[in-house]
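Note that the protein sequences, when read in sequence, are chains L and Y.
Under the working numbering, the first residue of the first sequence is numbered 14, with each subsequent residue one higher.
Under the working numbering, the first residue of the second sequence is numbered 3, with each subsequent residue one higher.
Quick caveat, the hints were computed from the structure, so don't treat them as lab data.
Hints are not guaranteed to be accurate.
[As the list claims (entries may be wrong)] Here are a few chain L residues that face chain Y, going by a calculated C-beta distance under 7 Å:
#: 1; residue: F93
#: 2; residue: L110
#: 3; residue: Y123
#: 4; residue: I180
#: 5; residue: G233
#: 6; residue: K268
#: 7; residue: I290
[What the hints assert, rightly or not] Covered stretches of chain Y (chain L as the covering partner; in silico rule of three or more C-beta atoms under 8 Å from a C-beta of chain L):
#: 8; stretch: 21-28
#: 9; stretch: 120-131
#: 10; stretch: 139-149
#: 11; stretch: 155-168
[As the list claims (entries may be wrong)] Pairwise CB distance ranges (calculated):
#: 12; chain 1: L; residue 1: V145; chain 2: Y; residue 2: K232; range: 52 to 58 Å
#: 13; chain 1: Y; residue 1: V130; chain 2: L; residue 2: R172; range: 14 to 20 Å
#: 14; chain 1: L; residue 1: R299; chain 2: Y; residue 2: P118; range: 42 to 48 Å
#: 15; chain 1: Y; residue 1: F51; chain 2: L; residue 2: G273; range: 37 to 43 Å
#: 16; chain 1: Y; residue 1: D45; chain 2: L; residue 2: F92; range: 53 to 59 Å
#: 17; chain 1: L; residue 1: A85; chain 2: Y; residue 2: S110; range: 39 to 45 Å
#: 18; chain 1: L; residue 1: L142; chain 2: Y; residue 2: Y108; range: 53 to 59 Å
Built from N, CA and C at the ideal position, the CB exists for glycine as well.
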Amino acid sequence: MDFIASLIAASIRAGTPLLFATLGEIITERSGVLNLGLEGIMITGAMTGFAVSLLTGNPWLGVLAAGLAGMAMASIHAFFSITLKADQSVTGLMLVLLGIGLTGFLGRNYIGQVAEYIQPVNIPYLSELPFVGEAFFSHDPLVYAAMLLVPLTWFFLFRTRHGMEIIAVGESPEAADTLGISVEKLRYASVLIGGFLVGIAGAHLSLAYAKLWTDGMTAGRGWICLALVIFSGWMPQRAILGAYLFGGLDVLSFKLQAAGVGVSYHLLKMIPYVVTILVLLFSVMRKKEKFGAPSALGKPYIREQRY
Amino acid sequence: MIRIERRHETPGWLVYAVPFISIAVSLLFVGLLLLTVGVNPVDAYMTMFSRSFGSKFGLTELFVKTAPIILTGLAVAIPLRAGLWNIGAEGQLYMGAFAASFIALYVSLPPPLVLPAMAFAASFMGLVWASLPGVLKAKFELNEIISTLLLNYVAIYWVDYLVYGPMRGKEVYNFPYSDIFPDFAILPRFFGTRFHAGVFIAIAIAVLLYYVVRKTGFGFAVKVVGANPKAAEYAGINRKKIIVYTMLIGGAVAGLAGMIEVGGIHMRLRSGLSPGYGYAGIPVALLAKGNPLAVILSAFLFGFLYVGGSALQTTYSIPVSIVYVFQALIVLFIIGGEFFTKYTIRRG
Numbered sequence: 014m015d016f017i018a019s020l021i022a023a024s025i026r027a028g029t030p031l032l033f034a035t036l037g038e039i040i041t042e043r044s045g046v047l048n049l050g051l052e053g054i055m056i057t058g059a060m061t062g063f064a065v066s067l068l069t070g071n072p073w074l075g076v077l078a079a080g081l082a083g084m085a086m087a088s089i090h091a092f093f094s095i096t097l098k099a100d101q102s103v104t105g106l107m108l109v110l111l112g113i114g115l116t117g118f119l120g121r122n123y124i125g126q127v128a129e130y131i132q133p134v135n136i137p138y139l140s141e142l143p144f145v146g147e148a149f150f151s152h153d154p155l156v157y158a159a160m161l162l163v164p165l166t167w168f169f170l171f172r173t174r175h176g177m178e179i180i181a182v183g184e185s186p187e188a189a190d191t192l193g194i195s196v197e198k199l200r201y202a203s204v205l206i207g208g209f210l211v212g213i214a215g216a217h218l219s220l221a222y223a224k225l226w227t228d229g230m231t232a233g234r235g236w237i238c239l240a241l242v243i244f245s246g247w248m249p250q251r252a253i254l255g256a257y258l259f260g261g262l263d264v265l266s267f268k269l270q271a272a273g274v275g276v277s278y279h280l281l282k283m284i285p286y287v288v289t290i291l292v293l294l295f296s297v298m299r300k301k302e303k304f305g306a307p308s309a310l311g312k313p314y315i316r317e318q319r320y
Numbered sequence: 003m004i005r006i007e008r009r010h011e012t013p014g015w016l017v018y019a020v021p022f023i024s025i026a027v028s029l030l031f032v033g034l035l036l037l038t039v040g041v042n043p044v045d046a047y048m049t050m051f052s053r054s055f056g057s058k059f060g061l062t063e064l065f066v067k068t069a070p071i072i073l074t075g076l077a078v079a080i081p082l083r084a085g086l087w088n089i090g091a092e093g094q095l096y097m098g099a100f101a102a103s104f105i106a107l108y109v110s111l112p113p114p115l116v117l118p119a120m121a122f123a124a125s126f127m128g129l130v131w132a133s134l135p136g137v138l139k140a141k142f143e144l145n146e147i148i149s150t151l152l153l154n155y156v157a158i159y160w161v162d163y164l165v166y167g168p169m170r171g172k173e174v175y176n177f178p179y180s181d182i183f184p185d186f187a188i189l190p191r192f193f194g195t196r197f198h199a200g201v202f203i204a205i206a207i208a209v210l211l212y213y214v215v216r217k218t219g220f221g222f223a224v225k226v227v228g229a230n231p232k233a234a235e236y237a238g239i240n241r242k243k244i245i246v247y248t249m250l251i252g253g254a255v256a257g258l259a260g261m262i263e264v265g266g267i268h269m270r271l272r273s274g275l276s277p278g279y280g281y282a283g284i285p286v287a288l289l290a291k292g293n294p295l296a297v298i299l300s301a302f303l304f305g306f307l308y309v310g311g312s313a314l315q316t317t318y319s320i321p322v323s324i325v326y327v328f329q330a331l332i333v334l335f336i337i338g339g340e341f342f343t344k345y346t347i348r349r350g
């Protein structure tokens with residue numbers, strides 16, 4: 014039982030960065046903007062968070078800085094894809110190169126350093142419960158924040174005016190425009206909020222999960238999150254399932270290795286990527302779901318010229 | 003109020019000026035970045051130039067680094083003509099390298115046949131690796147960007163597994179390397195440098211593909227699918243077939259890049275055999291606008307960035323990742339510039 018509880022706890026911890034980033038991307042994509050740059054934004058957040066924590070001694074300032082850095086990266090995507098109406102795939106891909114390049118360049122001095130990290134907080138009473146206490150209630154605050162963010166995101170998107178306007182813009186920018194909703198403003202806001210959350214995902218990675226900074230430490234998690242968005246059918250409540258499942262996969266490859274299972278470390282490292290492809294395949298095969306991709310996803314909105 | 007209007011005509015000079023201006027502005031930005039770490043950008047750029055063009059060694063290195071980028075650039079460019087993003091050239095390169103190494107080390111053939119067999123196996127393996135995302139895209143509209151990218155990780159870990167495990171060389175001590183290839187499995191070299199036959203292969207493939215996309219019915223069909231999928235359907239072009247075929251060509255070409263790297267440079271299979279050549283193919287193809295001959299030229303620019311980048315590393319210990327920053331900035335500025343070729347800003 015203890016083993017299973019610690020496995021669940023570890024899966025949740027490993028899944029938390031995925032959850033932050035997936036929720037962020039869901040908000041972004043709901044507005045009709047596809048941001049493929051998650052990998053680059055996440056790593057920028059991871060490095061910025063670590064650097065700021067190292068310099069100030071306060072990991073929470075690091076988290077805030079990571080969110081703002083994510084927002085700054087996302088604003089590049091917003092400017093190119095919304096204002097300049099550029100191909101969203103290209104800009105997103107370039108954010109990845111930019112993020113990996115910049116963090117490799119600026120982060121080289123932080124490799125091997127130890128920064129203040131985010132301490133776990135046992136929730137009073139609940140954490141003392143057998144099994145569930147260890148599995149669910151002895152995490153760092155960002156883990157709880159991510160959990161809370163799931164219903165919040167759902168509520169925001171489906172129960173508030175701004176949220177529903179974002180969905181409208183993602184489904185039919187023309188119609189939204191006719192109703193007097195500012196397509197550009199809402200898309201900008203969605204991309205920036207998304208970038209903020211992806212930046213925080215990076216900070217959780219470097220300040221709570223790994224507690225260090227290494228070059229390229231996101232290791233494809235950004236791409237897995239893009240797949241998780243498709244898996245979740247653009248619904249926050251399904252994102253939590255996907256994120257923790259993939260967290261579990263990450264943990265499993267570690268645990269199997271530690272248990273001395275006779276399979277190569279490198280083959281175990283492949284598992285999350287292979288499973289992601291299979292899950293993606295499964296998700297797209299049962300199409301025609303009630304909630305699919307936003308209709309205008311990836312298409313720049315160009316208001317017709319009237320002469 | 004400022005109004006954005008679509009241009010009816012684009013001035014010719016603007017189309018050609020945009021890439022050059024983009025490169026210049028990127029140099030400016032990276033220069034600022036270099037200043038933040040206390041490196042004089044003018045000195046740094048001089049170093050990059052003199053190391054690449056100032057000696058026989060530098061010049062041949064430039065070609066050696068450019069060759070795989072020509073191939074990965076083509077691997078992105080051909081599917082791009084059909085509107086597809088092949089972001090998997092890196093993984094296809096690794097799988098090609100694996101297949102070529104397998105032939106070189108374990109298959110006994112008459113020596114003159116070994117290099118052709120390696121090239122064939124590498125292209126085929128790259129093709130197989132690209133067929134997955136190609137077929138998934140054609141059948142289920144699965145986003146090829148995500149699938150090709152995830153397959154990169156699988157391919158890289160696969161090669162890691164091999165060189166740490168079953169294909170690990172007998173006398174390599176603690177390095178993740180296979181044994182060295184026999185002589186007849188190594189591409190001929192020239193001028194007493196690393197300049198190897200793969201450079202000619204890469205250029206020949208680019209010319210061949212230029213012919214295919216410009217002069218054949220297939221090339222035309224690809225163009226129509228890329229320009230307007232709906233029109234392609236009306237014209238009786240099978241869009242799904244074109245999707246799969248262009249991905250297969252892309253994969254085969256990237257696989258060949260893996261072969262010329264192991265057969266021409268490393269002479270063995272090893273971990274981390276590509277410094278991101280597959281990813282460099284993306285900006286290269288974009289810069290060339292999908293034209294295979296232009297890929298050669300834009301690959302040279304990126305070959306220069308790699309040679310210059312390693313010169314910066316040895317001289318100023320600046321991480322090579324600065325090359326990625328360059329790549330990203332050049333493309334972003336080109337996109338920004340293209341906005342002005344399509345639109346004009348008016349007051350009114």
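Quick rundown of the hints versus the structure:
1. F93: 6 Å, holds
2. L110: 4 Å, holds
3. Y123: 12 Å, violated
4. I180: 21 Å, violated
5. G233: Holds, about 5 Å.
6. K268: With a minimum Cβ separation of about 18 Å from chain Y (threshold 7 Å), the hint on L/K268 is violated.
7. I290: 5 Å, holds
8. 21-28: violated (count 0)
9. 120-131: It is violated: at least three residues are needed, and the stretch 120-131 of chain Y offers just 0 whose Cβ sits closer than 8 Å to chain L.
10. 139-149: Result for this restraint: holds, n = 7.
11. 155-168: holds (count 8)
12. L/V145 <-> Y/K232: 52 to 58 Å: 55 Å, holds
13. Y/V130 <-> L/R172: 14 to 20 Å: 48 Å Cβ-Cβ, so the 14 to 20 Å window is violated.
14. L/R299 <-> Y/P118: 42 to 48 Å: The hint (42 to 48 Å, Cβ to Cβ) holds, given that L/R299 and Y/P118 are roughly 45 Å apart.
15. Y/F51 <-> L/G273: 37 to 43 Å: 53 Å, violated
16. Y/D45 <-> L/F92: 53 to 59 Å: 32 Å, violated
17. L/A85 <-> Y/S110: 39 to 45 Å: 57 Å, violated
18. L/L142 <-> Y/Y108: 53 to 59 Å: 57 Å, holds
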